[in-house]
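Here's the letter readout for the chains.
Protein chains: 2
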Amino acid sequence: MKVLFESEIPFRNDILLSLRKNSLDYISSLLETAKEKGEIRNDIDIAKASFVVDAIIDRFLQSQTVLHLDAGLGLFKCREEDIKAWIEGLVDIIRFGIGRG
Amino acid sequence: MKVLFESEIPFRNDILLSLRKNSLDYISSLLETAKEKGEIRNDIDIAKASFVVDAIIDRFLQSQTVLHLDAGLGLFKCREEDIKAWIEGLVDIIRFGIGRG
Chain A
4 MKVLFESEIP FRNDILLSLR KNSLDYISSL LETAKEKGEI RNDIDIAKAS FVVDAIIDRF
64 LQSQTVLHLD AGLGLFKCRE EDIKAWIEGL VDIIRFGIGR G
Chain B
4 MKVLFESEIP FRNDILLSLR KNSLDYISSL LETAKEKGEI RNDIDIAKAS FVVDAIIDRF
64 LQSQTVLHLD AGLGLFKCRE EDIKAWIEGL VDIIRFGIGR G
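Same order as they appear, the protein sequences are chains A and B. Following this note's numbering, the numbering of the first sequence begins with 4 at its first residue and continues without gaps. Following this note's numbering, the numbering of the second sequence begins with 4 at its first residue and continues without gaps.
Any given hint could turn out to be false.
Remember, identical chains collapse to one label, so a pair may be satisfied in a single copy or spanning two.
Below, a list of computed lysine-lysine pairs in the DSS-like style, where the Cα atoms sit at most 27 angstroms apart [unchecked claim]: (1) Lys-51 to Lys-80; (2) Lys-80 to Lys-40; (3) Lys-51 to Lys-38.
In short, the hints are calculated from the structure, not lab data.
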């Protein structure tokens, strides 16, 4: 988070790019396997689905430590049971979004 | 973007919080209306759905100017026709994710 929000860190762009790329690569490899198994819709583009999953996970994790990203949702430093309910809700939306009906 | 990535800007947190809150409030008011009209599933929690839509839009817009968020997806400074294809794909995932079948 320090690297993300401070512009003076050396190699900041390289570090952030490498983190993002690893995250996207990992998610897209999971989605490729899911597609082969027929768990997600055939017409789903893996790059776009990975983008969506990564954007949601990234924002969700950041919201727990960055107040302005929470913006009233109740995620900032929230209790474990609330986190669980949020994860269930988000997984549900992703599952309907890319899953096979 | 300057406010987001530079930590020395005065009132930085207040500005970012207000932007995020306005965005989330606007999206959730649209989703409330959609729910009343029966366009989205009854079991969808508006806060979680707004979070997902806002996270996707925010990352999508940022990826076009911040190279490390693109991370190889081809969004950074991309052509207008590519942007259109991306928007269609993302809207599709959101529509399946929260829409009524």
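Checked hints:
Proximity of Lys-51 and Lys-80 under a CA criterion of 27 angstroms is satisfied inter-copy only: 17 angstroms between copies versus 30 angstroms inside one chain copy. In the homo-oligomer, the alpha carbons of Lys-80 and Lys-40 never lie at most 27 angstroms apart, since the shortest distance is 37 angstroms inside one protomer and 34 angstroms across protomers. In this assembly of identical chains, the alpha carbons of Lys-51 and Lys-38 lie at most 27 angstroms apart whether taken from the same copy (13 angstroms) or from different copies (26 angstroms).
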